[in-house]
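Protein chains: 4
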Amino acid sequence: MPAEIKGLNEECGVFGIFGTPDASQLTYYGLHTLQHRGQEGAGIVSSDSKQLYQHRDRGLLAKVFADPNELKRLVGDSAIGHVRYGTSGHNSIANVQPFLFHFHDGDVALAHNGNLTNAVTLRRQLEDEGAVFQSDSDTEILIHLVRKYIKEGFIPALKKSLNIVHGGFAFLLLQKDRLIAALDPNGIRPLCIGQLENGAYVVASETCALDIVNAKFVRDVQPGELIVIDRDGLHIDHYTTDTKLAICSMEFIYFARPDSIIHGVTVHNARKQMGRLLAQQYPIDADMVIGVPNSSLSAASGYAEESGLPYEMGLIKSQYVARTFIQPTQALREQGVHLKLSAVRGVVAGKRVIVVDDSLVRGTTSKQIVKMLRHAGAKEVHMLIASPPFKFPCFYGIDISTRSELMAAHYTVPEMRDLIGADSLHFLSVDNLIKAINIPDAGDAPYGGLTVAYFNGDYPTPLYDYEEGYLKSLNEQEKRARKERLS
Amino acid sequence: MPAEIKGLNEECGVFGIFGTPDASQLTYYGLHTLQHRGQEGAGIVSSDSKQLYQHRDRGLLAKVFADPNELKRLVGDSAIGHVRYGTSGHNSIANVQPFLFHFHDGDVALAHNGNLTNAVTLRRQLEDEGAVFQSDSDTEILIHLVRKYIKEGFIPALKKSLNIVHGGFAFLLLQKDRLIAALDPNGIRPLCIGQLENGAYVVASETCALDIVNAKFVRDVQPGELIVIDRDGLHIDHYTTDTKLAICSMEFIYFARPDSIIHGVTVHNARKQMGRLLAQQYPIDADMVIGVPNSSLSAASGYAEESGLPYEMGLIKSQYVARTFIQPTQALREQGVHLKLSAVRGVVAGKRVIVVDDSLVRGTTSKQIVKMLRHAGAKEVHMLIASPPFKFPCFYGIDISTRSELMAAHYTVPEMRDLIGADSLHFLSVDNLIKAINIPDAGDAPYGGLTVAYFNGDYPTPLYDYEEGYLKSLNEQEKRARKERLS
Amino acid sequence: MPAEIKGLNEECGVFGIFGTPDASQLTYYGLHTLQHRGQEGAGIVSSDSKQLYQHRDRGLLAKVFADPNELKRLVGDSAIGHVRYGTSGHNSIANVQPFLFHFHDGDVALAHNGNLTNAVTLRRQLEDEGAVFQSDSDTEILIHLVRKYIKEGFIPALKKSLNIVHGGFAFLLLQKDRLIAALDPNGIRPLCIGQLENGAYVVASETCALDIVNAKFVRDVQPGELIVIDRDGLHIDHYTTDTKLAICSMEFIYFARPDSIIHGVTVHNARKQMGRLLAQQYPIDADMVIGVPNSSLSAASGYAEESGLPYEMGLIKSQYVARTFIQPTQALREQGVHLKLSAVRGVVAGKRVIVVDDSLVRGTTSKQIVKMLRHAGAKEVHMLIASPPFKFPCFYGIDISTRSELMAAHYTVPEMRDLIGADSLHFLSVDNLIKAINIPDAGDAPYGGLTVAYFNGDYPTPLYDYEEGYLKSLNEQEKRARKERLS
Amino acid sequence: MPAEIKGLNEECGVFGIFGTPDASQLTYYGLHTLQHRGQEGAGIVSSDSKQLYQHRDRGLLAKVFADPNELKRLVGDSAIGHVRYGTSGHNSIANVQPFLFHFHDGDVALAHNGNLTNAVTLRRQLEDEGAVFQSDSDTEILIHLVRKYIKEGFIPALKKSLNIVHGGFAFLLLQKDRLIAALDPNGIRPLCIGQLENGAYVVASETCALDIVNAKFVRDVQPGELIVIDRDGLHIDHYTTDTKLAICSMEFIYFARPDSIIHGVTVHNARKQMGRLLAQQYPIDADMVIGVPNSSLSAASGYAEESGLPYEMGLIKSQYVARTFIQPTQALREQGVHLKLSAVRGVVAGKRVIVVDDSLVRGTTSKQIVKMLRHAGAKEVHMLIASPPFKFPCFYGIDISTRSELMAAHYTVPEMRDLIGADSLHFLSVDNLIKAINIPDAGDAPYGGLTVAYFNGDYPTPLYDYEEGYLKSLNEQEKRARKERLS
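Chain order of the listed sequences is A, B, C and D.
Residue numbers for the first sequence, in UniProt numbering: 1 to 487.
Residue numbers for the second sequence, in UniProt numbering: 1 to 487.
Residue numbers for the third sequence, in UniProt numbering: 1 to 487.
Residue numbers for the fourth sequence, in UniProt numbering: 1 to 487.
Read the hints as simulated data drawn from the structure, not as lab findings.
Be aware that a few hints might be false.
To be verified - Taking lysine-lysine pairs in the DSSO-like style, the calculated list, with each CA pair at most 27 Å apart, reads:
no., chain 1, residue 1, chain 2, residue 2
1, C, 63, B, 216
2, C, 216, B, 379
3, C, 340, B, 72
4, C, 63, A, 63
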């Protein structure tokens with residue numbers, strides 16, 4: 001639940017497999033390794049070549065499948081699965097994916113990681129033409145478009161539809177006899193292909209999900225591609241050739257698991273390198289380097305190594321903070337009760353401490369960390385952020401409720417330093433970020449093939465529904481759907 | 001859970017209220033009295049004039065709202081609710097009503113009691129035109145039709161749609177500022193209107209739901225009517241005038257609560273009269289009359305009174321048989337372990353017993369009852385059924401899986417008597433059934449304004465999807481949807 | 001849950017079986033038929049001759065064993081079970097029986113129906129001698145006494161202990177190789193013995209539990225008996241000969257199932273006879289007789305038959321009132337919202353109605369019933385109670401919180417009639433109660449072998465802890481344990 | 001749930017607080033930080049000076065108090081709490097602490113961390129004298145002893161009892177007006193005292209629990225002490241002076257949280273020092289040092305720093321492995337599916353890797369880790385254990401089911417190396433372990449005030465029930481209770 005700490009949430013992970021017994025069980029393990037990408041809901045749809053079977057519910061994967069019979073019911077040799085981060089709280093089981101749609105000419109299941117930038121516009125058009133939506137999710141738009149053009153055949157209708165939706169998206173579709181994957185023209189969300197020893201193909205958001213099912217990495221899905229896997233094997237097609245790689249840099253900074261390899265780059269190595277370059281950029285005279293567990297430990301050890309300072313465990317994180325945890329009263333919180341993080345008094349007391357954190361969003365956690373360390377006796381607290389200041393919202397699948405919550409959008413670095421109470425505050429530069437990640441196959445793509453719009457406002461796509469001014473034309477319900485990120 | 005005993009299941013009850021505080025709480029109590037019409041799911045949608053709020057889940061009402069906050073969340077002064085009997089097992093939360101549909105031009109909630117006879121045909125057409133269905137329920141067809149014609153305005157589109165769907169139906173719709181009710185052209189399902197002291201209107205499947213909220217009975221909804229209730233009051237309109245009353249006789253025989261009054265007839269009184277006429281039709285020389293609890297007690301006491309024989313409690317029914325109950329092993333069942341019913345040895349031992357039951361569907365329960373009574377020492381067991389032999393399926397909302405399960409469709413009365421092991425077996429005649437119910441305002445409608453097709457095969461409407469021969473043209477999925485009642 | 005309506009609660013039912021496969025499953029079915037004796041907790045302990053296995057929890061039997069594996073775990077060919085009504089709310093799982101005690105010289109399980117009158121005194125003595133109690137239940141006292149004398153051997157220690165405890169009690173004990181039953185010297189609580197075809201013995205609170213497992217009735221356990229069942233068969237012994245039958249009359253009036261046979265009397269027949277004698281005692285000029293479902297239907301049909309008036313269904317009872325049901329607000333309740341009972345308007349409107357109820361405790365329900373019937377249009381409401389006025393508390397296992405709650409202890413019959421708002425109110429006389437039940441083997445026992453102390457204050461035993469004056473000597477905790485029934 | 005990985009389990013953590021509002025809520029947060037000491041059950045008993053209130057259940061703290069009302073019910077200004085690791089599976093709610101005992105002369109609650117070595121003997125004696133035990137726990141023996149001597153007064157009876165029980169124990173007792181703590185004569189289990197700003201005293205297993213409630217550390221409880229906290233403040237007493245510090249070394253090696261300070265030693269610092277001394281003892285020519293997350297990261301960073309090798313993240317641990325997780329099939333496990341740990345291919349591929357682990361018990365995890373790293377491409381895998389070989393069982397509260405499971409009890413180091421498949425295997429020496437921990441106030445206590453019996457067999461106390469030969473005299477039930485650790 002990094003949400004509470006970070007205010008950053010990846011919206012979802014996907015996993016698909018075709019052509020092996022135990023397909024749903026392998027999907028379950030694949031989703032397990034992608035759980036960090038979404039903890040609010042999980043589901044699997046399987047196919048036995050005749051019929052599709054679905055189970056999904058709110059909550060963590062282990063809870064959704066707490067009754068093992070639910071998994072056993074999902075028979076067949078192909079499956080897709082989804083873990084979800086969702087903002088719209090209460091009654092959202094309708095929003096838990098994979099979606100399963102029944103048609104007289106065959107069922108279709110759909111799972112999605114990403115966010116469409118023209119969803120509101122498209123939904124309004126479709127509803128005026130008779131469409132009835134069953135979820136609040138922009139994911140559902142794809143299937144309505146496909147059905148609109150279904151008389152042209154499924155694959156042509158899908159290709160046409162993929163050219164109509166815009167934004168960042170990685171779609172998996174399952175029909176009774178094939179698995180389909182599609183990635184947006186900028187490859188904003190990661191998606192990779194692997195293969196089991198028995199020849200079955202796997203598609204997943206991150207390579208860690210290939211590892212757990214013992215699948216060999218085959219290749220990353222490329223921008224604009226449409227991958228079809230059926231009894232005849234893997235077919236690589238594309239729905240557009242107007243593509244340019246711009247993968248989300250936050251995957252490397254914060255979201256992806258350290259053991260995942262994205263476009264050839266091991267995430268832990270990229271993070272350690274961010275720490276090293278940060279140390280070059282801002283060498284500090286201090287007694288030790290500590291990381292904010294768990295996501296900043298790679299960067300912190302990189303900083304420590306580069307600076308030659310000892311790497312210590314100055315903060316520890318509880319493994320036992322559950323959703324149902326009873327929150328401390330205001331009074332207790334003011335006394336410093338923090339359920340998730342604790343400072344290690346015996347390590348930091350009397351010391352000058354460099355804290356490395358991977359990112360700074362709202363600043364609330366940083367402020368608590370500084371307070372906690374000083375309370376534990378730290379003489380100096382230097383906050384070093386292994387990414388640039390986060391100033392602009394993401395419209396491609398990271399949940400930042402509104403721009404107003406981004407501390408760096410409203411304050412200078414010295415102001416932020418004072419607000420969080422640190423002795424100093426420093427951020428990695430955009431150039432060093434790109435240099436640290438260093439995607440080998442970026443070619444001539446701008447920013448080394450990365451989306452760095454969160455730091456410099458240069459978005460790789462038009463924003464459609466999110467353009468300034470568009471807001472005024474929406475009714476209340478549509479505004480809620482658009483989540484008003486510009487305000 | 002009469003299902004296990006009877007093999008007959010009403011598919012649903014509906015309740016709506018407009019213009020009073022505590023709308024959702026009153027709906028909750030209304031649904032409580034309609035729980036006998038469906039125990040597999042329940043839900044409520046409320047409106048506060050700005051927005052609709054939904055909660056629904058599988059299980060009994062008390063379970064669905066086990067957390068009272070769920071009910072409190074449903075704010076506003078109007079609401080509709082639904083209790084559901086569902087055949088499609090597992091993942092059916094998508095099928096639990098009221099459905100709630102979000103459109104950019106306003107939300108609509110929908111609850112339905114009944115069954116459409118041309119649902120498969122309509123769904124195929126709509127899907128070919130681009131529609132994406134979210135449930136297996138035929139109910140959803142109505143909203144797709146309405147959206148198809150939405151440019152003509154909501155009410156005109158609704159009227160047009162109600163002329164396209166066929167079968168037995170009682171629909172409730174809730175928009176943010178009005179409540180709408182519509183009944184099929186034969187009034188096959190019951191629907192009545194009441195009014196609270198504060199002027200708020202109530203619409204419900206049975207009058208028992210008016211009583212519990214202290215609403216005064218206003219009138220029954222008539223065939224073909226479209227009722228609109230808004231801030232200006234009650235508006236009685238119709239979408240067709242081609243109507244003829246043919247209310248389902250099984251409502252009187254078995255489904256409705258004894259205290260409900262349908263088209264002027266108190267259900268208990270009708271049942272008692274069925275018992276009286278049965279006694280006239282078949283006087284038997286015996287020591288006592290007993291009823292099968294609870295649904296047959298009215299008819300049994302009528303039989304006893306008419307015959308002058310003592311009315312005894314020869315069978316008792318457990319109040320504690322839950323869904324989760326562990327079923328006896330085959331061995332135990334052969335030893336006569338019956339969880340729901342027990343014979344009262346001290347009453348029936350050595351006696352000649354007349355058992356009055358309301359209906360005989362598959363014959364399984366009757367057979368068990370005869371066995372149980374003989375095991376408890378009864379010298380003779382005469383089975384008297386207070387309705388005619390059930391030979392033809394219902395296509396209007398009673399769940400009889402297939403015709404093959406109807407005992408009377410395959411055997412003569414003497415054969416049935418031998419199969420269940422009774423000393424004698426007798427059924428009420430169709431004429432006496434009509435005479436016992438005796439709807440005052442039936443006018444010149446055939447069969448006294450009743451549907452008695454289950455007994456004589458004379459259906460009040462064309463059967464569309466259920467016509468013999470149509471079956472061959474369907475694919476597997478559509479056959480499942482149609483539930484193949486003719487086979 | 002008759003508790004809410006009646007204010008009377010039997011404390012528990014017991015079931016034991018020895019020497020048959022599926023012992024725990026048969027116990028489960030036996031307990032199912034005894035569920036009316038207690039709905040707050042249930043449990044089973046089984047033995048496979050080597051070890052005892054326990055499962056127990058709060059709630060109804062079906063909930064306690066909702067996971068069927070819990071029942072499968074209870075292996076072995078003997079078992080005892082218990083259903084419990086408990087007053088002490090919250091954390092009472094420690095109070096759910098059967099208790100299971102582990103000793104280095106062998107385990108013992110214990111289940112109890114009844115109440116000890118010297119429990120507080122004995123517990124204080126035992127604690128002063130070093131005893132550590134694990135429950136609030138007086139049941140546990142027996143095992144502490146047995147252990148106190150264990151050096152004399154188990155059976156001698158048990159006999160000695162049974163002479164030290166006083167009150168009304170039916171104990172079942174299970175050791176790894178035998179089942180033991182003991183009944184108090186007045187036989188206040190019912191307990192009977194049956195036998196399966198395979199020779200296995202069954203002991204149960206009521207004969208309905210013998211019926212469901214297909215056991216043949218052998219005999220009632222007699223006052224003062226100690227029954228031991230082991231591999232060698234059934235051994236009838238006694239721990240005292242100073243006995244006199246005084247079985248609780250409320251078992252016949254209200255608690256026991258109508259199909260149970262207690263000391264040769266079928267409960268339904270006794271109740272019907274109470275109704276007949278009530279009709280003789282108080283003939284009323286009215287249009288119909290109705291009963292309060294379900295417990296009063298036998299008496300009501302007896303009254304109807306004797307009086308020649310029609311027996312109608314004027315009140316119906318919902319099957320769906322669950323523990324978790326959301327209670328109506330005060331405003332709704334004043335509008336007459338009653339979840340459990342409804343008047344049948346079409347039956348009672350304009351009529352003079354005789355309502356037969358089995359008993360009147362606090363008067364709250366009677367008042368509601370009168371109001372409800374008048375609201376439904378009844379012209380006259382005559383309340384006829386098929387038992388005498390309830391004036392004195394029960395100390396033998398019926399939960400009447402305090403004497404102050406007994407309406408008849410504080411008002412004359414005319415006052416009560418006015419308070420409940422009936423046109424007339426009449427009670428069966430004690431003599432007619434005894435005559436209606438008419439226990440064949442009562443011999444020269446006073447009051448026909450019945451405890452009628454609730455009506456005339458003549459208790460069959462000394463009251464020890466409940467004597468007036470004793471109260472003052474207790475501390476707060478002991479007072480709670482004694483439940484201050486005299487106040 | 002380190003159990004699955006390690007085969008080592010601390011049995012419990014305790015927390016108590018006296019004299020502050022929100023006592024139960026502070027206890028809840030204290031227990032949260034002690035959750036690593038026991039995940040099988042949790043409970044709190046509070047006192048409002050008049051009465052004690054209890055809630056306890058199986059499962060994690062967050063689950064036990066998932067309904068926040070359970071915590072609110074625990075009113076009062078003092079409380080004790082407990083988290084439990086339990087071996088006896090199923091029906092163990094009776095074993096969840098704190099125990100609450102009701103006596104006519106006042107209630108007592110009891111929580112315990114540790115294990116008694118003469119529990120079986122004492123229980124047999126007590127049962128022969130009439131005692132009835134309610135749990136399988138040896139904890140309960142204390143209260144039976146206290147009651148046996150209660151006529152001498154509570155504190156004298158407690159002191160006498162503490163001299164009768166033997167082993168490792170830290171007891172907390174709560175009465176309505178005081179909190180009592182007692183530690184065994186060797187101080188085997190840790191226990192410390194803190195104080196809130198408002199003067200309220202806190203007693204806890206580890207200092208991390210003082211930190212979260214913002215309590216200032218006062219002192220460690222010393223061997224043989226009896227601490228009484230009441231309205232008059234803190235009273236330090238002792239029940240014996242025959243004491244010698246021998247705190248469990250496994251607290252420093254594995255169990256305690258890195259931020260806890262025990263007898264003046266910060267646990268993280270001790271572990272880092274173990275890593276440093278291990279690097280001095282066994283310098284290895286390799287490319288990197290990695291730790292087994294999370295418990296070995298301190299030692300691994302110490303090894304890295306001392307050796308000058310880079311510290312890398314070569315293994316990562318999932319945060320999402322829940323109790324209910326569906327285990328992989330054998331086939332999947334052979335394919336290397338490991339739910340908890342993953343190797344980071346991009347880090348270890350082609351490298352010579354030093355893995356630092358804190359301990360090696362059964363060897364299963366080490367074997368998996370080596371396999372996993374080789375599968376991810378590691379060229380060499382050197383396993384360095386930051387503690388000595390674990391050869392002898394613990395009888396003081398660590399759960400090692402039997403000696404037969406201890407790999408080092410049966411194999412030489414080279415044999416173990418081959419069994420786990422590592423290129424080399426090395427252990428820290430006992431001397432270096434003592435040197436690394438270095439308790440400042442150990443005085444002349446052997447082994448620097450540590451229990452190192454697990455490594456050298458030199459137990460600080462006699463073993464009573466666990467002596468070789470004693471086993472033969474026990475019956476089956478007692479053997480289960482003793483858990484046969486010598487076999």
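Status of the hints after comparison with the structure:
no. : hint           : in the structure
1   : C:63 to B:216  : violated (39 Å)
2   : C:216 to B:379 : holds (19 Å)
3   : C:340 to B:72  : holds (22 Å)
4   : C:63 to A:63   : holds (21 Å)
Hint compliance for this structure: hint 1 is the single one not met.
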